[in-house]
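S.K.: Each chain, written out:
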Amino acid sequence: MERHFDASLRELKEQLVSMAGLVELAIEAATEALQKRDREKIALVHDIERRVNAAHIAVDNSCVKLLALQQPLAADLRLIVATIKINTDLERMGDQAVNIAHNTERYIQGEPLKPLIDLPRMFDEVRVMVRETLDSFVRTDAALAREVLRRDDIVDGLKNKIFRDVLDHVKARPEHIEQGLNLILVARNLERIGDHATNIAEDVIFAITGEDIRHSARVETIKGALT
Amino acid sequence: MSKILEVRELNAWFGATKAVKGIDLSFEGNTVTAIIGPSGCGKSTFIRCLNRLHEEVPDASAEGHVLLNGDDIYGKDIDPVAIRRKIGMVFQKPNPFPSLSVFDNVAIGLRLAGLRRGAMLKEIVEKSLHLSALWDEVKDKLNAPGTSLSGGQQQRLCIARALAVEPSVLLMDEPTSALDPISTAKIEELVTELKKTVTIVIVTHNMQQAARISDSTAFFLLGDMVEYGETSKIFTAPKDARTERYITGRFG
Numbered sequence: 001m002e003r004h005f006d007a008s009l010r011e012l013k014e015q016l017v018s019m020a021g022l023v024e025l026a027i028e029a030a031t032e033a034l035q036k037r038d039r040e041k042i043a044l045v046h047d048i049e050r051r052v053n054a055a056h057i058a059v060d061n062s063c064v065k066l067l068a069l070q071q072p073l074a075a076d077l078r079l080i081v082a083t084i085k086i087n088t089d090l091e092r093m094g095d096q097a098v099n100i101a102h103n104t105e106r107y108i109q110g111e112p113l114k115p116l117i118d119l120p121r122m123f124d125e126v127r128v129m130v131r132e133t134l135d136s137f138v139r140t141d142a143a144l145a146r147e148v149l150r151r152d153d154i155v156d157g158l159k160n161k162i163f164r165d166v167l168d169h170v171k172a173r174p175e176h177i178e179q180g181l182n183l184i185l186v187a188r189n190l191e192r193i194g195d196h197a198t199n200i201a202e203d204v205i206f207a208i209t210g211e212d213i214r215h216s217a218r219v220e221t222i223k224g225a226l227t
Numbered sequence: 228m229s230k231i232l233e234v235r236e237l238n239a240w241f242g243a244t245k246a247v248k249g250i251d252l253s254f255e256g257n258t259v260t261a262i263i264g265p266s267g268c269g270k271s272t273f274i275r276c277l278n279r280l281h282e283e284v285p286d287a288s289a290e291g292h293v294l295l296n297g298d299d300i301y302g303k304d305i306d307p308v309a310i311r312r313k314i315g316m317v318f319q320k321p322n323p324f325p326s327l328s329v330f331d332n333v334a335i336g337l338r339l340a341g342l343r344r345g346a347m348l349k350e351i352v353e354k355s356l357h358l359s360a361l362w363d364e365v366k367d368k369l370n371a372p373g374t375s376l377s378g379g380q381q382q383r384l385c386i387a388r389a390l391a392v393e394p395s396v397l398l399m400d401e402p403t404s405a406l407d408p409i410s411t412a413k414i415e416e417l418v419t420e421l422k423k424t425v426t427i428v429i430v431t432h433n434m435q436q437a438a439r440i441s442d443s444t445a446f447f448l449l450g451d452m453v454e455y456g457e458t459s460k461i462f463t464a465p466k467d468a469r470t471e472r473y474i475t476g477r478f479g
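Chains as they are written, first to last, in this note's numbering: chain A, 1 to 227; chain B, 228 to 479.
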């Protein structure tokens, strides 16, 4: 039996997915800004972030309205609670894209430190994480959400490698310290986006299964997935 | 916590129709258990078996064991009336005795049990009206007819009547379905207070009510108990798809 409430929940999901689409665009624009040293893309990131902020408020308003009017339970309740949390994570991902744009703006004012190898890889991994997280939400696919959790370890590994490489470089060439710092900050911003994607994946799993796998519980889940 | 009421293999019939099918369920002392399920699922019949009220319906029968503090209320030579004092009941529609005053409505159970001493009677009536959160509203009209009170007050009067004989268990069959939201809120507050002294089993169609006031919830469907568990679990992440469908209003 299709309920009127189902239509409202569908609209809410669509709202969130279109906001997530904006966040993806912002991350992509930030990536291109750094890789192609493109100032127009920096402006685009700022423009998208304003739209993300508006969507953030709209999604929260929809959730509050549905909680008040429908008093949802079980899977409906979990979906709305998860949406509120995902909404916050998406907004923060948008903020991180802006941070990348800021750091890129400073970086491209100077000479390139070195050819970018691991950062583009990290960008790609993070983009896949974000995409898979959203797919898992849209398709209510808990298995895919668990995949995202595993991918976060790859992103963390790449960040550590970039930190080490840049550090080695600026130790040898102290005059490059400012440029090195900009790259380290971008890697840090990307890692944070990965963390937000991980949070979203955890919320998706909660919405679908009712299982809370955050913090220590997550370690067990990942162990289980690897064995 | 100890089990105060234990139901084992309980079956109930209306004529040849089986309404309750082999239920096993235990109730811990000083807790509120909500029984939920669609109309006709056997939930009211089930609780009416818990104080042997079901058998009063012509052609109705029950089979199985209901242990109150370890003693089977369906045992041989057990007086159902005595059981109903230990396991009281409040119904959907408030049903004070129309010819009796507020005071006498509460005192009647005690009088039928043989209590005649005026002072003690007065003391217990007052205590029961306090317990049912009605005292302040009726203390100046104890001699007025019970039916002169508002619907919500009448329901609390019926709760006072049930409490006067100091039951161990209080069964409530949709006790707020005929009441306005303010009276409903008062009864819900009362239920939470009363569980300090009595174990409560409540049948309700109101999901939010079950979620607000009960510690455990049992979901009944077609005479079977589909799922039983902690209320917070049942209403956030039920295990059975049928429970999920029912509490999210997708049933049917």
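Hints listed in this document are in silico derivations from the structure and should not be mistaken for laboratory results. One or more hints might be untrue.
Claimed, not checked - Calculated pairs, DSS-like style, for lysine-lysine (alpha carbon to alpha carbon, straight line, at most 25 Å):
id, chain 1, residue 1, chain 2, residue 2
1, A, Lys65, B, Lys460
2, B, Lys422, B, Lys354
3, B, Lys313, B, Lys368
4, A, Lys85, B, Lys230
5, B, Lys460, B, Lys423
6, B, Lys413, B, Lys354
7, B, Lys313, B, Lys354
8, B, Lys460, A, Lys85
9, B, Lys423, B, Lys366
S.K.: The structure should be examined with respect to each hint, and the outcome stated for every one.
M.R.: Now for the hints, and whether the structure bears them out:
Taking the CA atoms of Lys65(A) and Lys460(B), the gap is about 24 Å. The hint holds against a cut of 25 Å. Between Lys422(B) and Lys354(B) the CA atoms are separated by roughly 16 Å; this keeps the pair inside 25 Å, and the hint holds. At most 25 Å may separate the alpha-carbon atoms for a hinted pair to count; Lys313(B) and Lys368(B) exceed this at roughly 28 Å. Our distance criterion of 25 Å between C-alpha atoms is broken by Lys85(A) and Lys230(B), whose separation comes to about 40 Å.
With a CA separation close to 23 Å, the supplied pair Lys460(B) and Lys423(B) stays within the 25 Å bound. Proposed proximity of Lys413(B) and Lys354(B) is supported: the alpha carbons are some 18 Å apart, at most 25 Å. Between Lys313(B) and Lys354(B) the alpha-carbon distance is near 17 Å, which keeps this suggested pair within the 25 Å criterion. Proximity of Lys460(B) to Lys85(A) is assessed by CA-CA distance (about 20 Å); at most 25 Å being required, the pair is judged to hold.
For the proposed pair Lys423(B) and Lys366(B), the alpha carbon gap of about 24 Å is at most 25 Å, so the pair holds.
The earlier numbered hints that this structure contradicts are 3 and 4.
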